[in-house]
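Student: Let's have the full structure, built from the sequences with the hints guiding it.
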Amino acid sequence: MIVLNPPPLDTSFVPEKLLFRENEINKLMASIIVPLKNNISGNVMIYGHSGTGKTATIKYLMKENPSIIYENGLSFSSVRQLLEHTITRLGKPTAFSGISMENIFMSMNSIMKLRGNMVLVIDEATNLLKNDSDGMYNIFRNNEIYNTHLSVVLITMDYPFAYLGKNYGTLSEIKFSKYNEGELFNIIRERSIRALKPGSYTDEILQFISSISSEFGSARFAIELLQKSAYLAEYRLSDIIENDDVRSAVSLINPYITESKLSGLNKKELIILFSICSNLRNELKTSVSDIYTEASIISNTYHDNISRKEVYEIINKLEILGIINGNIKSEGNKKGVYKFISIDDVPVSILGRKIENLLSRM
108 MIVLNPPPLD TSFVPEKLLF RENEINKLMA SIIVPLKNNI SGNVMIYGHS
158 GTGKTATIKY LMKENPSIIY ENGLSFSSVR QLLEHTITRL GKPTAFSGIS
208 MENIFMSMNS IMKLRGNMVL VIDEATNLLK NDSDGMYNIF RNNEIYNTHL
258 SVVLITMDYP FAYLGKNYGT LSEIKFSKYN EGELFNIIRE RSIRALKPGS
308 YTDEILQFIS SISSEFGSAR FAIELLQKSA YLAEYRLSDI IENDDVRSAV
358 SLINPYITES KLSGLNKKEL IILFSICSNL RNELKTSVSD IYTEASIISN
408 TYHDNISRKE VYEIINKLEI LGIINGNIKS EGNKKGVYKF ISIDDVPVSI
458 LGRKIENLLS RM
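Sequential numbering from 108 applies to the sequence shown in the numbering used here.
Since the hints were made in silico from the structure, they are not lab data. Misleading hints may appear alongside valid ones.
[As the list claims (entries may be wrong)] Straight-line alpha carbon distances no greater than 25 angstroms define the calculated DSS-like cross-link-like pairs of lysine-lysine that follow: (1) K375 with K446; (2) K170 with K144; (3) K461 with K335; (4) K416 with K368; (5) K144 with K124; (6) K424 with K436; (7) K374 with K416; (8) K134 with K282; (9) K392 with K424; (10) K392 with K368; (11) K368 with K461; (12) K170 with K124; (13) K446 with K368; (14) K134 with K166; (15) K461 with K392; (16) K134 with K144; (17) K424 with K446; (18) K282 with K166; (19) K285 with K134.
[Stated by the list, open to error] Each pair of labels, with its calculated beta carbon distance range: (20) N361 with K304: 23 to 29 angstroms; (21) K304 with T118: 19 to 25 angstroms; (22) N293 with S157: 16 to 22 angstroms; (23) G371 with P305: 43 to 49 angstroms; (24) F120 with N373: 46 to 52 angstroms; (25) F268 with T195: 28 to 34 angstroms; (26) Y177 with F268: 21 to 27 angstroms; (27) K237 with S414: 53 to 59 angstroms; (28) S157 with T408: 44 to 50 angstroms.
For every residue, glycine included, the Cβ atom is placed at its ideal position computed from N, Cα and C.
Tutor: See below:
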């Protein structure tokens, strides 16, 4: 058993401390939460790529601020429909759908007299921004039009101001940047400590996961990758997560290498790829010189010869095709620069067997 405490491996889990989002939390507190206590409402636009902690930050703030009401914009075709649902949730059911905005905000005022001022968060709000400009105008200007002190936070992945064509009043913006590799490492290490059996993972494995995930800058992707890697290792009845568990998890989340891609490679290209797989069975990366050495041995088995120049050319082609990953790294102290090759999105054990099968038919 590797997974001892599953909840921290769920992407919806909100920890006691949200790593690397202190600045964004402080900005939201300063622009929305603190003014709210002084009867001052405001509007904030949150945006950034998927997995950058936008929703997690709001749900983190909700733990200490019951004034925050969360809605997902994807569930509604209009702002009016969303607001009707909100006031019903808060104890003011409407007699019929399609009531006027004036009546909706009258109901909102009645609710806030009992509950106090509120912050309405609309997550995944891009479609509402695109398709209901009148609804957005009403909700952003609710203070002036309806004398309602409702603060509004909109969350989108796209830059939201591209969809705002009218004068919507004063809107603050907070951009959530992608996580870097080091931040992702610390996030999944914290989740691993909470969720996994001690000794079932290594820093090298966590570094591998964070390195793959850094392409997207997404904590959601990194956490899901950790989760699936752990369960795949359990499925093998292993006590530790290994390199190929991570590669298998990537292939489940984002399958890429297919039979058709492999069938498009010639014999020498398959031999080079097979050599790379052989070198990566117990390693995360391999050098070009080690690939050449392995290819020299394997090519003899298949009655072929491959020159060093051909190895370089084939490696470049495989990299262009996206089958392998190449990284240039300096050894420091004027020792030169070297190219290292890795395969991140498919288990090399499975890929190796597929290549062997194809080579046996040539």
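Student: Kindly indicate which numbered hints from before are broken by the structure, ordering the numbers from low to high.
Tutor: Nothing - there is no hint that the structure violates, so all of them hold.
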